[in-house]
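Trainee: So that you can map any letter, position 124 of the sequence shown is 568 in the working numbering, and since no number is skipped, the others follow by simple counting.
To be clear, the hints were calculated from the coordinates, so they are not data collected in a lab. All residues carry an ideal CB built from backbone N, CA and C; glycine is no exception. Misleading hints may appear alongside valid ones.
[As the list claims (entries may be wrong)] For each label pair, taking beta carbons as the anchor points, the in silico distance ranges come out as:
no.	residue 1	residue 2	range
1	Glu472	Gln452	22 to 30 angstroms
2	Tyr587	Ala450	24 to 32 angstroms
3	Ser565	Leu502	32 to 40 angstroms
4	Ile449	Leu502	28 to 36 angstroms
5	Pro550	Asp446	52 to 60 angstroms
6	Ala476	Asp571	15 to 23 angstroms
7	Leu569	Glu472	43 to 51 angstroms
8	Pro578	Pro548	22 to 30 angstroms
9	Ser519	Val591	19 to 27 angstroms
10	Arg475	Asp594	23 to 31 angstroms
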Amino acid sequence: MDQVIAAQQRLARAKRALGAARQGEGWEAARAAHTELLDAERQLARARGEQYAQPIDLGVSWDAGSPLPHVISDSHRTIVIFYRPDPDPNWDGRYVNVVDAGQPGPAALGLVEFTGAYLTSFGGLNDEAMGGHPLYGRGLDFYCAHVVPDSTWITAAERANSVHPSHRGGWHQRYHHYVLCFHDETLECMAEDWRAEELSCSMAEALALAAARLASTPPRRDSTI
445 MDQVIAAQQR LARAKRALGA ARQGEGWEAA RAAHTELLDA ERQLARARGE
495 QYAQPIDLGV SWDAGSPLPH VISDSHRTIV IFYRPDPDPN WDGRYVNVVD
545 AGQPGPAALG LVEFTGAYLT SFGGLNDEAM GGHPLYGRGL DFYCAHVVPD
595 STWITAAERA NSVHPSHRGG WHQRYHHYVL CFHDETLECM AEDWRAEELS
645 CSMAEALALA AARLASTPPR RDSTI
């Protein structure tokens with residue numbers, strides 16, 4: 445109980461600090477206050493034994509404005525391809541660069557492959573509707589990748605599968621709940637692990653690469669039972 449009270453007090457202080465920073469202390473102060481608020485949210489959720497969103501570094505990031513994520517998957521792997529930040533050195537604020545996934549030339553792309561994937565959800569909430577996500581207020585941040593300790597999604601999936609005559613428990617030890625927040629979509633994947641890489645090619649070429657990767661690797665034996 446003392447840990448919960450301490451976490452609640454920290455969260456209250458963080459909310460006040462963020463409000464003050466937004467009144468004119470500058471971008472850096474506001475960002476630092478926002479980070480402290482997210483950390484306080486996670487601390488409170490941990491103290492209560494609840495799920496929360498913990499940021500993870502995939503080694504590759506996506507463009508905040510136009511990542512245009514594309515997802516391809518089979519029964520055990522999910523691959524998401526997106527546009528990485530690619531600053532225009534000549535940009536002076538007087539024009540807009542339009543990103544088109546149909547462009548044939550090479551582009552700065554990122555690829556994240558989730559291995560041992562059991563469930564994947566893609567679409568849904570954009571950045572303006574993030575407040576409706578169950579993990580909002582529990583550490584979920586914009587345009588970031590997260591893993592979810594004590595995920596209720598994993599708990600529900602394990603419970604549903606428990607009717608299988610050969611069901612094996614321990615899904616929270618086997619699987620991880622990943623959440624990737626894009627500008628217009630949210631990707632959630634329940635998987636064993638992930639790998640990431642940077643690409644320099646067209647989106648069409650990247651999708652062909654992902655499809656070939658899935659087709660050339662034999663599917664794994666079912667490990668969920």
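Trainee: All hints, please: hold or fail.
Mentor: Hint by hint, here is what the structure shows:
Against the hinted window of 22 to 30 angstroms, the Cβ-Cβ separation of Glu472 and Gln452 comes to about 27 angstroms, which satisfies the hint. Distance hint check: the CB atoms of Tyr587 and Ala450 are about 30 angstroms apart, consistent with the given range 24 to 32 angstroms. Ser565 and Leu502 have their C-beta atoms about 18 angstroms apart, which leaves the hinted 32 to 40 angstroms range violated. Here the CB-CB span from Ile449 to Leu502 is close to 35 angstroms, well matched to the stated 28 to 36 angstroms.
Taking the beta carbon of each, Pro550 and Asp446 are about 56 angstroms apart, inside 52 to 60 angstroms as hinted. A beta carbon spacing of about 21 angstroms between Ala476 and Asp571 agrees with the range 15 to 23 angstroms that was offered as a hint. Taking the beta carbon of each, Leu569 and Glu472 are about 28 angstroms apart, not inside 43 to 51 angstroms as hinted. At about 40 angstroms, the CB distance of Pro578 to Pro548 disagrees with the hint of 22 to 30 angstroms.
Judged by the Cβ atoms, the range 19 to 27 angstroms given for Ser519 and Val591 holds: they are separated by roughly 22 angstroms. About 27 angstroms separates the C-beta atoms of Arg475 and Asp594, a value consistent with the hinted range of 23 to 31 angstroms.
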